[in-house]
Amino acid sequence: MLPKLLKYFLLIGLLFAEQTGAQYLFFGRNKVQYEKFDWKVLKTEHFDIFYYDDFGEIAEIGANYAEEAYNELKVKFNEVVNRRIPLIFYNTHSHFQQTNTIPGYIPEGVGGFFEFFKGRVVIPFISSLGQFRHVIRHELVHVFTVEKILRSMEDHRLPERGYPPLWFVEGLAEFWSTEWDSQAEMLMRDAVPNGYYARLKDIDAIFGTFLMYKEGQKFLEFMTKEYGEGKILELLTNFWRFRKFNEVMEFVLGETIEVIDNKWDYYLKQEYFPLYKEKYPHFINSKKLTDFGFNFAPSYHNGPDGKSIYFIGNHNGYSSVYRLPYDENSTGFLDPEMIIQGEKEEIFEAFHMLTASLAVSRQGLMAFVTKAGAGDQIHLYSLKEKEIIKSLKFDDLLTLNSPKFSENGNMMVFFGTDRKGYVDLYLYELSSERLTRLTNDYYSDRDPIFNKEGDRIIFSSDRTTGRHGKKHNLFELDYKTGEITHITYAGANVMTPHFNSDYTRLFCTSDYDGVPNVWEVNFESGVPVSMSQTSSFLTSVFDFDFIDEKTIITTAFEKYSCQFYTFDVNRHDKSLAAVVPFDFALTGPKWVEKKIVINPEKDKIRYEKEYSLDYAISQFTVDPVYGNRGGAMFLLSDLLGDDQYFLTYYNNAELQSSLLDNVNISISRINVSGRTSFQYGIFNYSGKRYDLRESDQFYYERSFGGFLDILYPVSKFQRIEAGVTLANTNRELIGDIVTRKGYLLSNTLSFVHDNSLWGPTGPIDGSRLRVLLGYTADIKYSNTNYYTIIADYRYYYRLGLMSTLAFRSSLYLNDGKTARRYIGGGSWDLRGWDRFSLRGEKLWVSSIELRFPLVDQIYIKLPFLGINFPYLRGAIFFDAGGVWDKAYTQTLGSIGFGFRFNLFNAIVFRYDMGKKIEDNFTKFQKGMFYQFFFGVDF
Amino acid sequence: MRKAFKILLPFILAGCTQTVFIRNLPQENGGHLYFGKEGGRNLFVPVSITDSLKLKWETATYGSYNNSSVIGYDKYIITHDLSGYIHCFDKNEGKEIGALNYSGAIFSTPALYKSRMLYIVNNGEEKTSTIYYYDLKDGKVLSKTDLTGSFTNQVLKNENAFFIIGDRGGIYKFNFAGVLEWEYQTGMQVLSIPAMKEGIIYFASTKGELASFDYHRKELLRKKELGEAVYSGIVIDGNYGYTAGVRGGLYCFDLKTLEIKWKGETGSKAESLPVCGPENVIISNLSGKVTCFNKTTGRKIWEKNFGGAPLSTPLLFNNLLVMPNLDRYLYLLDPIDGTLKKRIKTGGRMKLSPVYMDGLIIVGYDKGNIGAYEVTEEK
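If you read the protein sequences in the order shown, they are chains A and L.
For the first sequence, our numbering puts the final residue at 938, and the numbers step up evenly by one.
For the second sequence, our numbering puts the final residue at 379, and the numbers step up evenly by one.
Check each hint, because a few of them may be wrong.
Which chain L residues face chain A? A few, computed with CB under 10 Å, are given here [claimed, not checked]:
#: 1; residue: K54
#: 2; residue: K56
#: 3; residue: E58
#: 4; residue: Y62
#: 5; residue: S83
#: 6; residue: K127
#: 7; residue: T152
#: 8; residue: L286
#: 9; residue: A309
#: 10; residue: K351
These aren't lab readings, by the way, just hints derived from the structure by calculation.
Quick reminder that beta carbons are idealized off the backbone N, C-alpha and C, glycines included.
Using the sequences and the accompanying hints, generate a full structural model.
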């Protein structure tokens, strides 16, 4: 089992920047509102807590965590937050992904966030109360940090100058929200000996990674030991004094950054290098089976395809199910075969990679879990038939995890989360298709397996009582009587139980010595008495499975990746093996988590929308050509972000008398609360115009009317859009007496598909499609009457991890009376041709482009600090296309190569050079063209 | 626009400020001349007042405050702020008389000697602070001394000199001509308020060391480990000193030996000073708890939690404890049993320790506001 927080960051690391959701954009994936939530509000002393449906009990516990954290943090920060803090809880991560508090699609990797506009904290409930408490505390540290910095700058009457660097901010959030745990220890045990941790001078190199969080936390541990815990607060209270955080650190700690950095480096080495004396890396005592990508949930089976290991892996940016041939005598790495391609269609929308979400029965049935739409599904795949024979979805279960089969293959046990947020065990009988709930409480029950007879379940749970209360230990459930008894009782987390192949020995993982290693439970006369360490790996074993009675395959963390090894459980050096005896006399009554005490009449209310301003901007300029121009933009939304009002105003009147003739205003409402989202509004645009699409005409136009757009996401990858606009337009050509009036009614219907995977400068895998049909008519004067067809398809064929052959085929067509023109030319379509120089009612473009990495990182080393410029990419391209009005004129083209550069993940710059293909595609231009522009790849 | 206004505002205000210039300042014969009024720092006023506080005036400084206070003399009130300003107000009307402005922040309450004022500017973008000695009559700086590090503690004064302890533990003596006579490096980090009695300065460090320093002999006399860092400060009452630690301990120690006479538990970090009444000592901590101990035996008399986070030191009268709180309220408590008599909502987080002068309680709160509450003394 890998704790959730790590999961998030590993996924971020390997999935690159996933394209964000894109309602009302040309392409883009969808944030689907699968369900409509019945929101309620819990009012505590300092928080407004938003929750829905049956989550009340966990919300009340979470409210108590929040109040506890508030009272602790106000002391640590010497600060109070006097505004009420909105805390929005979601039952599960899949519901959290539907939040409208921030735009865009939230990847699997995000475990909560603090949002600045309205100061909202948004948190999903994941896996356990302990984890929930940690995330609440983590986000509240952010709330207090921001408050402290802003207040401090305001106290000193200084302008805002941002915040401390992210490594410090996130490190602090971890340091003051949780203990140093096994995932943090695992990471540092891997990073320090392998030399990939960042020194202070190079800390930007790990920006945004999970390592940054944990290194930041470790640094603060070092700082408090070396300089005193009060230094943390001093860093914040002295933030006003210097513009650079390094100067603040030097001032507060009283030493130069070089000295601090050297001490920090020594501190890490002193702690981690001696571990080699008694612990060993995975490549010692084990045989490595994989050397690429991220690999999880191995399950061994000797079936129709021979000895095989089935697993979930990410080898190309998409998570998928793979089969790895197993040959104990092989000396090299065998190539895995992809069995199920994930993350390209709704049914396999995402895999829960880091929980053991795949298992194979002895009879050759493979069960694996995917997120599919609103919740999870367990798919049963026949290894013999090589097809999915059944997909299981349970209405009241929002997540499903860790399926395991009984020895006879007739039953399956798994754990899941219900609408209350309870993480409990479930039994599914395959023949009768009957689902039975085995536990029902807020303790986190997980990793269930059957005993040999199939009448008992062994599982891990935080229901541990007494001295080691709330630690995960192993329990046995007699599901016929409901009796639950301790198997292990340790002051450490004990998880992922597995019997060996003949059920004579019970193994598990435990973080007793700092990181999860393999342990064996010892029995005397059938009674568990102790557990003894079977492996002493330096870093974690997440999960394992037995190949035979003594050989296991482990998911091992090494060099910031997860690889498979085989390991002989009898080979461990007994002198290094710790033994932990179980003293069951120390157990006690069930622990009960405190809930917030509230007045249900007054403090528990139904959510009612209250709107507040998200942002407002305005600008006034004096332009030598167009004269004075001014405008403003406002966005209001409710606290959950479901309902938004958008107002724009713009005026470019040159004279006071023409003020009313140049009013541009639009008001729209966007509602994204349901699966079908819509926006509607009214507008009035008037003023002087120059339309690139027309024939170099300046004109005055007044256009007013209304519009309605409706969007229905079929899945995360596909949607249907419909829109209608009615506009009364009145155009007067400047310098002419000609006017054109019209009541234009436009209707469009579109289908959009996008399952592309993005690299740093654009898509590298998957495909994108938009098909649009439209009709525009002047319903009063019949001056305009044309139809529109847009068909734009892009396909990305992966050549390697970061190399792609990209294809584009696009047709844009308006045909009829006074049809609008399209514009083309430039870096985004027909390269080499001047930007927007090609105009016509019809336009087609086709491109082939080879995208490949040039330089992954350019690191400019300055005397102390360095600047990291990642992601320089290359492209070789060929474009062809044409534009015309009534009769086709000529085919144009270009060929060349270029560079792409992603600057701080904010903007992509493009520089292309090559030759145009001119004269109806018959000859190359003389010389070369050179084009510099911005924008992502098509 | 708002951003531009924010940027321009300091220039506009700086352009409007006038030099503090007080022509007819009387000779020193009273007043509240530095933080705590006297070396023992005990914010106890041996009078009884009614709890019907009435806001007489409100005025504004430019920046906000830390745990410090205004000073006052005759009809003047002088205060500092974290944006580098010194302000002088008319005590009766709240009208600004003048202001001085520096680039940096002023944490320590200025200290007055006759018409001369010592104040410390923590310079922005620099690792130094500057000690200014200013003549209020002539409106000019008499001397300025640059010292390394921050100075956030409170100035001490005896009959012939000012004493300052820097955050890095340096003790500095400035004579009344504004000249630095000597300095002594203790090697301790001091972020709490020192006190003084009979030629001895008492202070505590962030490593939990309690220390006494003889300023005549320029000698560190004693050190005592408390076992917890101190960010509060020291209050002297009789032959004993009182201080509070970061883990919630309240210590009563013998001034001569520094031996701990008793230790009480409050449960959380205190930034404010304890305050001693005739029989009891009262301390507020950042968890919002106010605790009263018998100052002789250390027996806990009462304990109440009012929430919020009292950052600055309360003011104790015979019959009323006036406690500022970051939750924007000014609490009026009965010192006998901690009963809340009244709480008054102010415009912001209460920062300054209240000061009582001539029937007025002067408080300070965000964002740079000073308020004067009229009180009636009970016979």
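Evaluation of the provided hints:
no., hint, result
1, K54, "violated, 25 Å"
2, K56, "violated, 25 Å"
3, E58, "violated, 18 Å"
4, Y62, "holds, 6 Å"
5, S83, "holds, 4 Å"
6, K127, "holds, 5 Å"
7, T152, "holds, 9 Å"
8, L286, "holds, 4 Å"
9, A309, "holds, 5 Å"
10, K351, "holds, 8 Å"
Of the hints listed earlier, those the structure fails to meet are numbers 1, 2, 3, in rising order.
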